[in-house]
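K.L.:
So you can see what is in the structure, the chains are spelled out below.
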Amino acid sequence: MQQAIQLVTGAGNLVEALLCSMESRHLNDYQEVWQQFLEATNQPDQGWPWEYKLRQAQNDERFEAYAVEVEGFTQGLLFIETQWHRSGLPQRYRLVYIQAIASAPWNRISIEDPPYFFGVGRALLLFARRRSEQLGYQGRVGLHALPGSEGFYERANMPDYGPDSDKEGLIYFEYGATQYRDA
Amino acid sequence: MDEQTLAEQFAKTGNIMDLCRNETWVRESARIEAECDGRIEAGLSMKAYAEAKYDASLSDVRKAMHRQMRIQSILFSELRLWMEEWEMGSAFEATYTEARQLIRAHLKQPSPELQNWVEAVLTEDDRAEDLAASPIRTQTRAQLSLMMTDQDWATLAQVAAGAAANLASESVLKASKLEPQSTVAA
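Heads up: the protein sequence lines correspond to chains W and C, in order.
1 is the number of the first residue of the first sequence in my numbering; add one for each residue after it.
1 is the number of the first residue of the second sequence in my numbering; add one for each residue after it.
Because the hints were derived from the structure by calculation, they are not lab data.
The beta carbon of each residue, even a glycine, is placed where N, CA and C say it ideally should be.
Errors might be hidden in some of the hints.
As the list claims (entries may be wrong) - Covered by chain W, according to a simulated footprint, are these stretches of chain C (three or more residues, beta-carbon under 8 Å):
# : segment
1 : 47-58
2 : 70-77
3 : 95-107
Unchecked claim - Derived, one-sided and incomplete: chain C residues facing chain W with beta-carbon distance under 8 Å:
#  : residue
4  : Met-1
5  : Leu-6
6  : Phe-10
7  : Ile-16
8  : Glu-23
9  : Ala-30
10 : Ile-32
11 : Gly-38
12 : Ile-40
13 : Gly-43
14 : Val-61
15 : His-66
In isolation and in its complexed conformation, chain W is listed as follows (with noise of 0.2 Å):
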């Protein structure tokens, strides 16, 4: 899978992209730069989650992996689970559940101002509602945002059910059925 997109870089110029299924380079380009900024920051969790998720996405038909690159390298990431989770609505209709979205660290305004890219969060929940089409789902999309990433996901206009104890607290986030078909 392969989808021509645009982004803006911090100068505001748009540049050209690609979104398509993650493969070991994307993974490489992870581990040997992305890494870096979690290993400075010590934080815990200095396994390589993506690694796992790549290898899910190879060997379980349930799970896809996607990422944003320019110039070859990788901008962002997007992992989803495609046949299990269920809509928080009672009715429980299926939906594509984003188990992990990140944008590469010098995208991020606290680190990077201006960021190098603007536009790699966007394009990747649109890519998981479109994929949420495609499997007869109608564009339903949920995901759990983390501390700080709230504001994208309300901004995107994705409808919010409020904290899940399942989920250490995180606010819960799912888009309903589109206003067309595409399945």
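Starting from the known structure of chain W, arrange chain C on it as the hints suggest.
P.N.:
Relative to the frame of chain W, chain C by itself:
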């Protein structure tokens, strides 16, 4: 996400992802992410990554990451174009992935000549508005060629051969599991 906009895009092109090539939509994405500090992380497994706090003491790490991202972007994008000319077919991905790792290894222990070129191209990259104004960057393929050792070439040849053999073997095994298309006459 404006549902009406998604419906209109779908009616227009049949693919909502085409919004990611619509300047108005892309710039709106930039505004939204800027308002949120670029923080978009979700999922418990990304908790440590999302909670990692930047402070002034990490400025060297930030600069190192930024430099690595830029030099690797410059080298890997040219590497891809170069390797696509080799017409490796299904062995491309594995060979390209290995080549990236070999280049990373050289960047970790650069020769004085490579170090000088890296400094020059990154300085140019900071200032250049476009590739046409980047004479040092036009030397990238030549630098890649200089970087590769005989051992590197042998490794790439081995990886390419292994990948091609694996894919051929998978195709044969897949074919062996297919139902016969027709009955053979006695």
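K.L.:
If you test the structure against every hint from before, which numbers come out violated?
P.N.:
none
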